[in-house]
Every structure is written in structure tokens, then in C-alpha cells.
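Here is how the chains run, residue by residue.
Protein chains: 2
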Amino acid sequence: MEIVGSSKIRKDAFDKVTGKARFVDDYKRGDELYAVTFRSPRPHIKIISIDTEEAKKIEGVAGVFTYKDIPGVNKVPLVFDDYPFLAEDVCKFYGQPIALVVAVSKEIARKALKKIKLKYKELPAVFDPLEAMKKDAPKIYGKDNVFRAYKIRKGDINRGFKEADVVIERTYRTNYQVHSYLETQGMLAEPSIDGSITVYGTMQCPFYVLDAVSNILGIPQSKIRVVQTTTGGAFGGKEDVPSIVAGHAALCSFLTNRPVKLIYTREEDFDSMSKRHPGWINIKIGAKRNGKITAIKVKYVLDGGAFATLSPIVLWRGTVHSTGPYDIENVWVDSFAVATNKVPCGAFRGFGQPQANFANESIIDELAHELKMNPLELRKKNFLDIGKKTATGHLIKESCGLKKVVDKITKISNFNKKWKDPQNKKGRIRRGIGIATSFYGVGLGAEGKFLEKAGAHVQIFKDGSVLVAVGNTEMGQGAFTVLTQIASEILGAPYEVVNIIEPDTTRIPDSGPTVASRTTVMSGNAIINACKILRRRIDGVVRDIFNVRGKVISKNGYYYAGGKRISYFDAVKECYNRRVKMAEQGFYRVEGTTFDRKTGIGDAYFTYTYSCMVAEVEVDIELGTVKILRFYSGHDIGKAVNPKLAEGQIEGGAVQGIGYALYENLVLEEGRIITNNFTGYIIPTIKDIPDDIRVVIVEEKYPNGPYGAKGLGEPPLIAAAPAIANAIFNATGKRIRSLPILPEKIVFQE
Amino acid sequence: MEIVGSSKIRKDAFDKVTGKARFVDDYKRGDELYAVTFRSPRPHIKIISIDTEEAKKIEGVAGVFTYKDIPGVNKVPLVFDDYPFLAEDVCKFYGQPIALVVAVSKEIARKALKKIKLKYKELPAVFDPLEAMKKDAPKIYGKDNVFRAYKIRKGDINRGFKEADVVIERTYRTNYQVHSYLETQGMLAEPSIDGSITVYGTMQCPFYVLDAVSNILGIPQSKIRVVQTTTGGAFGGKEDVPSIVAGHAALCSFLTNRPVKLIYTREEDFDSMSKRHPGWINIKIGAKRNGKITAIKVKYVLDGGAFATLSPIVLWRGTVHSTGPYDIENVWVDSFAVATNKVPCGAFRGFGQPQANFANESIIDELAHELKMNPLELRKKNFLDIGKKTATGHLIKESCGLKKVVDKITKISNFNKKWKDPQNKKGRIRRGIGIATSFYGVGLGAEGKFLEKAGAHVQIFKDGSVLVAVGNTEMGQGAFTVLTQIASEILGAPYEVVNIIEPDTTRIPDSGPTVASRTTVMSGNAIINACKILRRRIDGVVRDIFNVRGKVISKNGYYYAGGKRISYFDAVKECYNRRVKMAEQGFYRVEGTTFDRKTGIGDAYFTYTYSCMVAEVEVDIELGTVKILRFYSGHDIGKAVNPKLAEGQIEGGAVQGIGYALYENLVLEEGRIITNNFTGYIIPTIKDIPDDIRVVIVEEKYPNGPYGAKGLGEPPLIAAAPAIANAIFNATGKRIRSLPILPEKIVFQE
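From first to last, the protein sequence lines stand for chains A and B. Each residue of the first sequence is one higher than the one before, starting from 44 at the first, in this note's numbering. Each residue of the second sequence is one higher than the one before, starting from 44 at the first, in this note's numbering.
Among these hints, one or two may not hold up.
Since the list gives no way to pick out one identical chain from another, each pair is judged satisfied if it fits inside one copy or across any two copies.
Here are the simulated SDA-like pairs of lysine to any residue, each with C-alpha atoms no more than 25 Å apart in a straight line [stated by the list, open to error]: (1) Lys71 - Ser239; (2) Lys575 - Asp587; (3) Lys624 - Asn572; (4) Lys194 - Glu75; (5) Lys424 - His412; (6) Lys59 - Arg72; (7) Lys432 - Arg332; (8) Lys492 - Asp587.
Simulated from the structure, these hints should not be mistaken for laboratory data.
Make the full structure from the sequences, and use the hints.
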């Protein structure tokens, strides 16, 4: 291997640093119109009437559209169909879209927005998921406000607790987290010929957008083209939400027969876009005196907001990972995604795991404290490994580098030497060290198996340059660099001549969403499948030219066979002379998950990555401020296709995890977000992150991954918060059980 | 077959008749610049200096570019590399591009154009190809001004003439023909991210444009996207020429980093764009008294204009067809494409055949007259058929419907009854009937064999709608309708849900040009290859659902197997549930031509179509005007995938052939076109064409064609002119040996 495993320059680096990259708002059409959204002014209302007449009269307004103008189906297609593109009779959260104004400028559109007259009646609202689960709560969804419930029943939970020498029970809470992508939501829709429409925009999941546009317009999918533009960050926030924005833009374009741009302001984006679910997690855990955990019981509640969006699946991922990377015989989990009159929550890096992991890795530390054990030793006694089973009874048969990761991280962080019982620490400024671990099921898993597939198009031009297209997206994570490296490696083509084009739903069949750290495995394998066919053809021509048999080896831009060599470019030229087919569609799908929803038992994912993080903190116990001195983050990812990019992902995840742990605090009043910009909602700056983030990569190859790779997008965030909370406890003896760990919580904690 | 063979509505009909179709000039970008071309003011000059300083100073001018600004190679890539994108030291024709002005409006660009100061020295020019072949002629190309020469040497020409009872020799001339597409040449180039560029425009051959843009910019082909926009006619005129326009637009966009539009005016289009080559054809033919032709000797000269463009290949097609659809034992052909100081000639429907066919089918008539035979009888004695050989010795083994076509056309036209010796006709208004035949090698043939391939992308969406993409273009000929019918038939998908997307060089590998009536066979077979794979997968799922074996039949939107049925849409849904790969790249190539350039002998094409036309005319011998009373056009095309569209092609060809025969007269003075618009250059209007054009389609299946189809684009024009010339002779006894047959030629002919 020459290309895979080497730190090639990012394919998009130059354009992004020079400003050449074109985001959706950079696309100009000359005759485009601008749309803005009229939204619910209150968290729960019954609509009596919407009067758009005055708004329509304003000069420059091309249209004001309500649900009545939708030619297709007024449902955002996702897990459920509960979310209307435009409200009909009720609104369930502050900011829910009711109407769209289209005008020749944003200013005119906003002016017209103010002329829309909404008559409504307030309905009782509920904002807390535990309240919402009560019998007499206002009803937002179904009979009980529960979007979905899962359970896991493994072993005999009562026997497990009976066998325990120590049993503790704790409750943890986590707050929202906002994706804080630099580029807000935005779409440009324009009519194409033949009644068809093209939608350009910032997104993670072109095929979700395709479903949405097809739904709202009621036109066949083959007449719609969804094209991802350069995407300025996503982190899950552009998984489901772009379906709404695209649906709105497409509707406006379809009804006006003009290009229409719909770009959100930052405040609008905060108000209406999905967030990480606030979580409420109660855990009871029991262990033998020697540290062997005998039973764990978890109740896990997610605050879903007003519509289901991805909550059922977020809940599922959180559920199956809720007991941590441990082999525990007796497991009992109940989990609920609950409706409240707030902005719908959705996908966010980690997808239900950070909440559960914060609780689980905190209680493990609390258990160690009760047992008077070093928390690392307690963990080691219970870790998953080859031959062990997850909470859902998934027997780990391969590719488990958890112990290696933990050993390396605790070695470089000198964990055991630095870890001291907090009781002994004195003074205003106190230092501590904390550890947390996690595992992460790669891909969509059993509950998303129908989408677990991906396509790829690979085309070699006669000048030898290569074009790759996939159905998954680049959103800053480096996917396109990694995928071109894989194509380059298989084809034997120089990395520099392999290019990748933006995703377009008319190039590749539905490849599922770009989520769940699945892109390297899924799109990577689809590319491999296409490239192998092409390579077989090239090899045949090379053998034919040399009149030899046997294997053709590619190295340094040459093919070698029978002691002779020909350059890649000459070989391609010869393939063209012979009219060899030089384009292929690759495809990949994964089989084999067995999870059973009734019992919560079965193989939940096709493979797992394993992570360990250590944080060293310095706490000012008078001010309650926390400084992260050093942060260590280690991951078994099977194979780092591009080690530098992997490091970047890990560092970025650490920073986002630090923000989640310490700073990011969305504040709502009566269901309305009041910290709806970066003045009110604080994310870490360069000043807030440790100078020293140390990265460890372990490569326990996953046999079905491209060159052994698993996935890396999300794990770097997951265990950060508990590692920090555990370090704060280690420094101060104060156990903070809710995120973010604001200074006041430390100051006022007993 | 349900779909193939039925006259489905054109896929593009609705958009074209309602004005919804978007041509390149309809694309707006808001920030686009406009380019205009500075051209040679004389037919042959040596450039001393180009001063662009004053032009650059005009407000709103973004750039003035000459060959010095080209980052890549200053050669339009085609058969030869003689044509520079922008002139360097010499210009060889009036209108040759020298510089490009880019400005914020067309008006400013045109204003700036006038400020460019060109210093030059006139060089001696030559305008007649026979003059240009003389030793002392001014040199335009190489040592002898001959771009290419071909020869055919079959049998013993001297013995052939010795065996003849009658030998005649005649010389024929044909004039230019202008494509007269409604939409002039035009391109929009815009920068994409990553230093890449997208070119949209009216074109036949996206991959030629790709080569051109890659050449002029010096960037890899995978970083260029060439997209064909709705094309308002082409007829060969958008085969090679768009490479220049696209190269210019791309250069301007690349150098200004802005979208740039370059749209030609009608006059500019006339002045600088390729035309049908004027031809000079001398034929000597000998036959036995019984009508058996024993020998034919042809000298065939094409006026290529200043640069080679496609002249070598146009010449070749004309050469191998120059002796007509006859089995003649002794053949001698010499042909030359010659450089002159005029606009370069290029591709035009028929591609060198109409010139040769006019000569050949005229001399057959003249021979019949000499032999005092009915010209139909003479032809029948010599026609090609299964077991006979073409001029290049190609043994016809299959799919030869010539006799059937001739029998049907002469029967419905009542030819033998109407045909009377012209000597007996009297009066000012005289009626006559004429016949001509032709054959046509489908596809690029031996001299274009490296390009004889095509790709296709077929993708089935989960709602069952289908997207097809090919590398060949729709330019009005109906290709997209025919190709979707083929996809629909194989897949068993309703025709209405099969859509086709505009060609884009990043979707499909080089599929050769959209010329030579090759699209149905080439792209059709590529689609079949892709669809068959998809269908095999669907059939497998259907069999699995029904738990049966054996063949799955599709009919009326259902799949039938084992006595059960499932709808197409349900079957697709089930395929999606099973994550079946629902997209494929098809590919097709043809082998088997054996033509040898040295002897002119061998199989020139993979198959031939056969045509017969009959014209009935009424001639006013005082005014010299010709009225076509009735026109009969019959063709063996293997299979009419869409009979109505085939009829439309045949009618359109007849009209264009009538224009070529009677009206279209490009006039040049000193190498400059003076009839450079539709006021000066007359094409037939609705008033000039017969009310009654009768069409005959014969289907002698070509085993390797899609459902037996061969090709139809060009044959409907080829034999029109000689049929009319023969009819005029039959009416008046006047043999007009040059095209167009203007009234004065009839009046002043002895």
C-alpha cells in the first residue's frame, strides 16, 4: 500500500482555505427569488386562520404559500410522517414553519412576512419529557407522548443485583447541544426542463432530500436532481433538517417557476433546527467487591421535541450502547423518546450515545469510588473483548482493540501515577485526572438495515484522470480525501489525478445517509467494488501487451508484470485504443445484524470501534472554572486511511466534546430558545481548548472494511464529557451529574 | 414487444412546444460575463501585430485575450491538429478567430472589439479546390493543400471498361449547404470548485468538447464537466464547431474566474461555422447493352476550406459510398479533401455522401438514357443484395432491404407507369418523375473505429421511476424518445416513468460522437446491456417472491412468473427492501471492420441502411422554377423503434434534401460569404415543399441492432437531390449537373 495509510493533502483543502469553495449562497442565477419562512410565535397553538392577502400585495412579492399550495404530500418523510412541511391546524413548537414568502429580495420578503395575519388559540404546552410522560400532560404525540420505547432484557437482573456486593443508583441529565456549523441551512431550487427540478444545498443526506422534494411536489424521483454543494459543517444537523429547507425551496421554485434561494439566518437556524436531545438517565449498577459488575439497570429518556424526526433511531443507538463497552451478564434497559413542545431534536455526532455514555462512564467512576478501586482497574475487569458479549448479547468475534487503546492512552497519560484519591487534595486550584471509554457500532445497525448500502461511480478518462462519485457527502470530515485514496490505491492511479465530484442523486442509487461514521466502510467498499472491475480490465490489457500471465502489480504509477513495466497513463491509453469499458458502478451492502426489538437481544451492528479518553483538569473551586490541561484520545478504528485526517477528526471531536462538557448551554424560556446565537450560546474557542491533545490510533482490522477500516466520525466526541466530569471529581471530590458542567454547579455542589 | 415499435409521444415534445425547454442562452447566472470574437478581416493574412490595449481600457471590459493567454495547447483537437483556437501568425479564412473580448455586457464587448488594432499583410489566397491542387497554388496546408486522399482499387478497371458496350463520363458539382439550425452556436462556461470548470452548451459531441476544453486549458478531463443543453438543431453543424466555441468560452471563464457566455449571432455563425463541403465529382461508367455495369471510375474532390476539421472522414464516407448501392466488379476511386482559403467545411447530414450520390445517381440516369433503358430497370440489374459486394468488396451477408424498398416506393409512386421518355414532352409546364437510391454505412466505420463505443447509465429509483443517461445527444432527432422506449421495453417499466437526462461527460465514459446515424445502435445497445443486468436482478426477486423458477415475462406494467403476477412498482419496492443494486453502467462496442486504407478494400461498416426516393416534379421551362408535386422516400432501417418519429425524420430529410437540390445557395466573394443570413440564403419554407411526402419503412432486421434497428438520421436526405435532378431531366430533357438547380440553370441549359 502506497496511498492508503499515508497522510495525503485533503482534496478540498486548497479551495477552502483560499475561499474558492462555493457554498450554496455563492450560487447566483440572476433571476432567482428569495424565500423566507413565517413561523409559529408560540410553542403550542391551534391555528384559526392565516391571512396572506396583504403580504401578497406588496410589490416584489412573487407568492405567499401555505400548506394549501402543496401539490404533493404535506409530510416530511423520515422515520415517522408526523412533521408537516407547513403547519395545517396546530403548531407544536415555537418556530414551526407555517407559510413561505417568496420575493425578488430578502428585504421585501421579510417586509411581507410582517403582513401575514395569523389568528390562533394558545394550547397548553409541556416542556419537560418526564412531565410529558405523565398521564395528564398535554398531548403532543399519540396517547402518551412517547415517540418510541426500547428495552433490553438480558440475563436475570434481580439475580445480578443479588450477587452484587455493592449496588448504587444515580440519575444524570444532559442539556441540548447545538451543531454550531459555520454555514447555516440553505437551499437553491431551480426548475429544469421536463417539469423536473434541481435542488442545490448544504446537506448530509441527498437521498433524504430527494424523498422530501418528491413528497412535497408529488413528482417522480427520477425527475428531481439533488446536488450537495460545499457544506460548511454538519455534525448531524444536516441529516434530517435539509429535507425541510429543500422541500420549502423546491415548493417555492415549483410554484413560481423561478430559481428560489432559501438561506437561514443564524437565529432562525438556532430557533428551528434540530439539536442534540437533552437526556435523563437513571442507572442502577451492582458489582462484586473485586470489581466484577453483575448487573446494570438503565432508564434512559430523551427529550424529542415536537416531532419525531430521528428520535426513534437516536434512542435506539443510545439504548444499545447505554451500558458501555463492558461485558455484563444481567442487563435491563428501558428507554423512551418523548414529545415536548420544543424544537425537534435530531441527529448529532454520537447520536444518543454521548448522553448515555456520560451517565454510564460517570457511574462506573462512582462505583469505583464506592469500591475504593482505581477506576481504570474497575473498567479493565469488565471490558469487552474477543469472546465477550455486548449488552444486546452480541458476541465480539474480531477487531476489538479496546484494551490496546486503553493501555496506550493510560500509558502516555501516565494515568495510574497521576490518579490520586480526591480526598487528599487541598487549595483553591486543584488538579485531577479522569478516564472514560466507549464503544461505537459502525453504521446504521439493525434498526437502519434497509438503508445500509452504498453506490459509487468510477470513471477513468483517456488522459488517465479519474472521476469518483458517491452517494455520501463531504461535510468537512475528509470523506472525499479518504475515498479518493482508496480509489487511487486499487486502480494504481496517482492520487493527484483522482478527483471526486459532489453527490448528485441522479448519479448513484440511494446510498443511505452520510451518518453513523459509515462512509469509509460503505462508500469505500462501493468504490473498491467498482475499481476492482476496472483494474481487472486494465490488468488484462497489461498482460496482453506484455504477453504474460500472472499477477499485475501497481507501484509508483507503473504496472509491473512478467518483469516488464508500463506507466499507468500508457496503460489507460492502450485501454482506450482497445475501447475497454472504463466506467463502473460499484455497490456495497452489509448483512448480518440480528437485533430483535422485542427482547433487545441480537447483533446490533456489523462492527464496533473502541475508544478511551483521559482528561487532566485544573479546577478553580472558588470560581468553578475548569481548565483542561491535557487531553488524550485513543481509538481503534481498524485502519487509518489517512492518519493526519484521522488525527484531525479526533482533535475536533475532543473540542466539541469539551464544549458539550463545559460550555454549551442552550437556554429556553417557555419553549423559546433565548440563547439563539453565538453571543448567548458559548462554544469553545482556541483559548478554551488544551494546547496538548494527544491522539492514539489503534488498527485492529475489520475484515470487511476497506483495508480494515471501521469508522471514526463520531467516537472522538462521545467519551469526552465523562472523562472531564471524572477528572473534575478526581480534582475536587465534586460529582457533577448534569451537563454542561457550568462553574456555578461546581461552586454550589456540596 | 409493447413499447418498442409503437409511436410514443416524444419525451421533449411538451417542453419544446410550450417554450419550457431551456437553451443555453436561457441559462442565467447573474454574474456572468459576455464574450465576443475578434476575427480575421481577410481570407489569408500574415499577422504583424495585435494591439488590445485600447480595448482593455473600456469600462466594463474584463479581458481581451489572444493566443498568448492560452494556458494549454492552442489546437482544436480533431482528426488533425491544424486549427488553432486563436490565430497566431496567420489567418487562413475570413472570420478566423484571433482574439476574445470579455465584458459585462455584449454591447460593451462589441464596442471594445472595434478598438482592437490588427496589423497584417495580405497573402495570396485560393478559393477553388481544383486550383488549390495545382503546383503553383498558394500553400494553405502541407506541400499540396491536400488534407487527405483515398483510393479504391477493386478488380481490373481497364478490363471493365473494355467489356462495356457503352461508356460515358460526366462531371458534377455541388455547392455548400448550411445547417440552418434554429439555435446558433453558444456556450456558457463557469468555474467550479477545485480549479475545475463546467461548460454548458448546444452540441452534438460532448466528448469532443471535453477534449477541446482540456486542451485549451491544460487541465485533466476529470476536472471538466461538459453538459449538453437543449439543442435547437445540429445536423452535423454541432459536431466539431462547438469545440471551438466551448474552448473560447472556457478560456474566458478560466482567465476571469467568472461565468462567461459566448453566443453567436446568425451572421457570425454563417461566416465562421462549418458547412457541407462543395464537391467536384468526375465519373466514368461503363455497361453492357443489357444494363450490367462493368466498371466505374470516380474522381471525387471536396473543398475542405482552411482547416482539416472532419474533412478526412467526410471524404472517406463519400469515397466508400461513391459508386452507389451497386455490385460493380471493377471499381477505381480517387478522392481528395483539399484546402482553400474559405470557412472550414465539416460534418453535415450525409457526411460526404450527398455530393457523391448526386453524381452517381445522376450518371446512372444518364447511362440509362444512353442505353435507352428505364432507369429503374438499369438499377435493378445492378443492386446490392445478400451475397453481393460493395465497392470496397464488403460481402453483404444480412439485413439488405434495398429491393423491398425500391419495389414498395416504385409501386406506390406508380413509377413505371408515370416514367416516360422526356423527348415526348411539350408545353411550358412539364411534369416528370425521377428516382434515386442510396445505401448508408451505419456508424463511424473502419476509419472511426476507435470511437465506435458507447456507454449508458440506468438507475431505478425506489418509486419505480427510471433515469437513463447516455453519452450521445438529443438534437431534435428523437434519440431520447427512442432510447427511453428501449429501456422501458427491457425493464418492463411503463414508458411514462422512464426519464432521460442531458449528456454530461462526468456520467458516462467517452461514447464517441453523436453522428453517423449511430445513436440508436450504439447508445441503444449500451442501454440494453445495463437494463438486462437490472432486469436479471428484478426477475430474481420476482421468482423469489413467488418461489418459482423459469422465465419472468413483463407485460402492461406487471411481471408474470409461475402463473402469478406482481406490478412493476411493487417489484421495485421489494428490490429496494432487499437492497438490490439498482443502477448499472452499460457499454457497447462494435468490432469487425476490415477496410484497408492502402487498397481501399475491406468491410467499411458493420451494417448498411438502404434507401430509395422518387420525386414527381412540375417544371416551368420559361421561368425555370420547379415544383415538387409528390415525394416518396423509403428506407430499410432494420426496425422503427418509434414509427412516427421515423416518419418525421424521413420527412425532415426530404425537406432538407429539397433545399439542397433546389434552393440553398451560399454565395462567396473573395472567400467571404455574402449570403450570411436567411434573407440571402434561402431554405425551403412550408410553401416550397410538397403537400404529399409518402414514407415507406422496411424492416430487414440487423441482428446486432437493438430489436434489429440500424440507423436513420442521415439517409432521408442523401438521395433527394439526384431524384429531383432525374425528375427534372425526365420532365424537360435538361440534365443539370450542379447543385443547387437554380431556375437560371434550367432556363439557360441547352
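We went through each hint and held it up to the structure:
1. Proximity of Lys71 and Ser239 under a CA criterion of 25 Å is satisfied in both settings, with 20 Å inside one chain copy and 18 Å between copies.
2. Within a single copy, Lys575 and Asp587 get their C-alpha atoms as close as 18 Å, which meets the 25 Å cut-off; across copies the closest is 29 Å, which misses it.
3. When the C-alpha separation of Lys624 and Asn572 is checked against a cutoff of 25 Å, the pair qualifies both within a copy, at 15 Å, and between copies, at 12 Å.
4. Taking CA atoms no more than 25 Å apart as the test, Lys194 paired with Glu75 passes in neither setting, with 50 Å inside one copy and 59 Å between copies.
5. Taking CA atoms no more than 25 Å apart as the test, Lys424 paired with His412 passes inside one copy only; the shortest distance there is 15 Å, against 109 Å between copies.
6. Taking identical chains as interchangeable, the C-alpha atoms of Lys59 and Arg72 lie at most 25 Å apart whether they share a chain (22 Å) or sit on different chains (22 Å).
7. For the identical chains of this complex, Lys432 and Arg332 are intra-copy neighbours only, at 22 Å inside a copy versus 99 Å across copies, given an alpha-carbon limit of 25 Å.
8. In this assembly of identical chains, the alpha carbons of Lys492 and Asp587 lie at most 25 Å apart only when taken from different copies (20 Å versus 43 Å within one copy).
Against the hints set out earlier in the document, a violation occurs for number 4 only.
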